[in-house]
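J.: Top line first, the protein sequences correspond to chains C and V.
Numbered according to my numbering, the first sequence spans residues 48 to 404.
Numbered according to my numbering, the second sequence spans residues 48 to 404.
Don't read these hints as lab results, they were simulated from the structure.
These numbers come from a predicted model, not from an experiment.
Check the hints yourself; a few may be wrong.
The list treats identical chains as one, so a pair stands whether inside a single copy or across any two.
With a straight-line Cα cutoff of 30 Å, these simulated DSS-like cross-link-like pairs (lysine-lysine) come out [stated by the list, open to error]: (1) LYS274 <-> LYS85; (2) LYS353 <-> LYS261; (3) LYS274 <-> LYS144; (4) LYS274 <-> LYS353; (5) LYS371 <-> LYS353; (6) LYS371 <-> LYS274; (7) LYS261 <-> LYS147; (8) LYS371 <-> LYS144; (9) LYS144 <-> LYS261; (10) LYS147 <-> LYS371; (11) LYS353 <-> LYS85; (12) LYS371 <-> LYS85; (13) LYS202 <-> LYS85; (14) LYS85 <-> LYS373; (15) LYS147 <-> LYS373; (16) LYS261 <-> LYS85.
So the chains spell out like this:
Number of protein chains: 2
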Amino acid sequence: MEPMYRPRLLTPGPVELHPKALEALSRPQLHHRSDAAKQVFLQAKAGLEAAFQTQGQVLMLTGSGTAAMDALVQNLFAPGERVLVPVHGNFSERWAKIAKEAGLEVERIDLPWGQVVRPEHLGSATGPFAGLLLTHSESSTGALNDVRTLAQAFKARFPEALVVVDAITSLFVSAFALEGWGLDAAACGSQKGIMCPPGLAYAALSPRALERLKPRGFYLNLASELKVQSTGESAWTPAINLVAATAAVLEDLLPRLPEHIALKQHQNDLLYAAGQGLGLQVVPEARSPATTCFYLPEGVSYGQVKNAFAARGATIIGGQGQLKGKVFRLSLMGYSDLYDAYAVAQMLRDVWAELSA
Amino acid sequence: MEPMYRPRLLTPGPVELHPKALEALSRPQLHHRSDAAKQVFLQAKAGLEAAFQTQGQVLMLTGSGTAAMDALVQNLFAPGERVLVPVHGNFSERWAKIAKEAGLEVERIDLPWGQVVRPEHLGSATGPFAGLLLTHSESSTGALNDVRTLAQAFKARFPEALVVVDAITSLFVSAFALEGWGLDAAACGSQKGIMCPPGLAYAALSPRALERLKPRGFYLNLASELKVQSTGESAWTPAINLVAATAAVLEDLLPRLPEHIALKQHQNDLLYAAGQGLGLQVVPEARSPATTCFYLPEGVSYGQVKNAFAARGATIIGGQGQLKGKVFRLSLMGYSDLYDAYAVAQMLRDVWAELSA
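Just chain C, same shape as in the assembly (with noise of 0.2 Å):
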């Protein structure tokens, strides 16, 4: 007889849900413009508002985080500016489309993927910049940038210049302060750190940025959702139960989220050194709490990988892109306590002794 194993969803998300989510999930429709739900809306601001760091504004878009990154260029930029983008796996590539894509002159410094963005890869670019478009956590390589170091190296050259940054996956995983460290935008979705379902995206406004809003599109302008969000409205009907499991997780996390960080920090590396104690090679040159990122061993394919997970009842994730075959991806970046970092890595281990048998 087979034995039988729970679901575990081990992708860099979505995630396994936070109960709470799933309890404001179950909750009887609630009205978006009714007194409960503009409470409920406010509530979730506020929080991802402190959870960005920010004395300025989070909006949220009904959409996924792609929307909120897609809003945040058409709404900083206007066509023709010309902002610089290091290129270094998958979602970092997504920042160079959809700038080129709204009309922006794009200047890409292509690195190789897993590799990190460090201040002297900027220095080549001769500019000047109306913005940079950084990736905290490159969770297509695994890698996380020092968004910090960079914007300020960046801003030393190009004060006027608006540093925006893809936070989707690091958020609720990994230090973020917006404006202390001197950024002036973010992007983030429901359905990474925060333990939520996909369909709600939050982008955030320093007071800088704010002051600087270039509004355009229909959808995803964002001074259409600024006249209405701080009294608990948005512009179009919201995925307000995905407002109430955000605002329900947050009441949660936020008291303790830097507790969380280390565990999420702690269960990152026990995954690693587990691979490591397989031989397994790396894919990040800094690691990304988000999410573990191995090359495949020469002989071993993505599939049979994947199916020795999928036989332990676990749902992973392989390459994007360039690395497409060429990687594996686990992630405990969902609800997950130590124990189960424990319980993952020996089933990496378990999946290797088969692969290797």
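Add chain V to chain C, keeping to what the hints say.
T.: Coordinates of chain V only, in the frame set by chain C:
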């Protein structure tokens, strides 16, 4: 002691959730690229195509219904092209705003709110036009347009043009047939007739519209979605939980859609009859089954009506735009049966007895 009233959501979206939607939302989180998720995605997509009655494609977009409206305008018309937009309520006004923001030349036909559009209204426009933007159920006034007749009259003069319809509060509530009615594209949202939470938009494209696509934008680029949605994936992380809810409700709803539509009509007739029995004046010239809309009599404020319903557990909604403070609306578009309509009709009579006392 106060009697206990159970909460009732009587608004034209969000609405009372279908139990199959709540059940789907309480499942463990799916990863959107897993085989299970792709299967659910394809099931929802096929069901939506049956509901819109299209041999073309329905694309699911993570966003509110407005996202689908914006996406259709941006991806079917190029800047500078001329579209005809009859405006007779808040949502037809939205078509005009979206088209203008997308750089189209907009010819408006302004009609008193509450009226419906008639073929003779379209006749006065000289054209030529690349498209006609229509609102099937103008839920701000409770009016239902005969979009089939309008499309026919328009295409007799402009056979090359595209007819795009806001079916946000008509699909699943009123009969609809995309190609059968000579329509080319339509938008809908998850929080309306399909009785799911808000956050997922449906964009239907007829085979003719698919051939005429002029894709633009990044997040709302329909070419990016078309490339992958027939394989059960989406360009950006989808609100997969809502996709699953959509699939689950469709499984129940599609086989008995004609009976469901007849029920919604019957419920709405009962509510109108109750209001007219109290001497209330009806706003729409032709009634959409999505919502009733009554004028507030002299001396009665919207706040009084809202509070009297709230004291009985019910959430209702007032007017928008130029009807703000002048009307109130009741909807049984959500999960409810014939006897719920009797219940709400009695509640309306009790509210009026209280306000008249």
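J.: Evaluate each hint against the coordinates.
T.: Evaluation of the provided hints:
Taking the closest pair of Cα atoms, LYS274 and LYS85 come within 30 Å of each other only inside a single copy of the chain (14 Å); across copies the shortest separation is 38 Å, beyond that limit. Taking the shortest alpha-carbon separations for LYS353 and LYS261, neither the intra-copy value of 45 Å nor the inter-copy value of 39 Å comes in at or below 30 Å. In this homomeric assembly, LYS274 and LYS144 come within 30 Å of each other (Cα to Cα) both inside a single copy, at 29 Å, and across copies, at 17 Å. In this assembly of identical chains, the alpha carbons of LYS274 and LYS353 lie at most 30 Å apart only when taken from different copies (25 Å versus 47 Å within one copy).
In the homo-oligomer, the alpha carbons of LYS371 and LYS353 lie at most 30 Å apart inside one protomer (13 Å), although the nearest pairing across protomers, at 56 Å, exceeds that limit. Taking the shortest Cα distances, LYS371 and LYS274 sit within 30 Å of each other only across copies (19 Å), while inside one copy they are farther apart (43 Å). Taking the shortest Cα distances, LYS261 and LYS147 sit within 30 Å of each other both inside one copy (17 Å) and across copies (17 Å). When the C-alpha separation of LYS371 and LYS144 is checked against a cutoff of 30 Å, the pair qualifies only within one copy, where the shortest distance is 19 Å, while the shortest distance between copies is 42 Å.
In this assembly of identical chains, the alpha carbons of LYS144 and LYS261 lie at most 30 Å apart whether taken from the same copy (20 Å) or from different copies (18 Å). Proximity of LYS147 to LYS371 under the C-alpha cut-off of 30 Å is restricted to the intra-copy arrangement: shortest distance 24 Å within a copy versus 42 Å between copies. Within a single copy, LYS353 and LYS85 get their C-alpha atoms only as close as 43 Å, which misses the 30 Å cut-off; across copies the closest is 17 Å, which meets it. For the identical chains of this complex, LYS371 and LYS85 are inter-copy neighbours only, at 19 Å across copies versus 43 Å inside a copy, given an alpha-carbon limit of 30 Å.
Proximity of LYS202 and LYS85 under a CA criterion of 30 Å is satisfied in neither setting, with 38 Å inside one chain copy and 44 Å between copies. In this assembly of identical chains, the alpha carbons of LYS85 and LYS373 lie at most 30 Å apart only when taken from different copies (23 Å versus 47 Å within one copy). Taking CA atoms no more than 30 Å apart as the test, LYS147 paired with LYS373 passes inside one copy only; the shortest distance there is 28 Å, against 47 Å between copies. Within a single copy, LYS261 and LYS85 get their C-alpha atoms as close as 27 Å, which meets the 30 Å cut-off; across copies the closest is 38 Å, which misses it.
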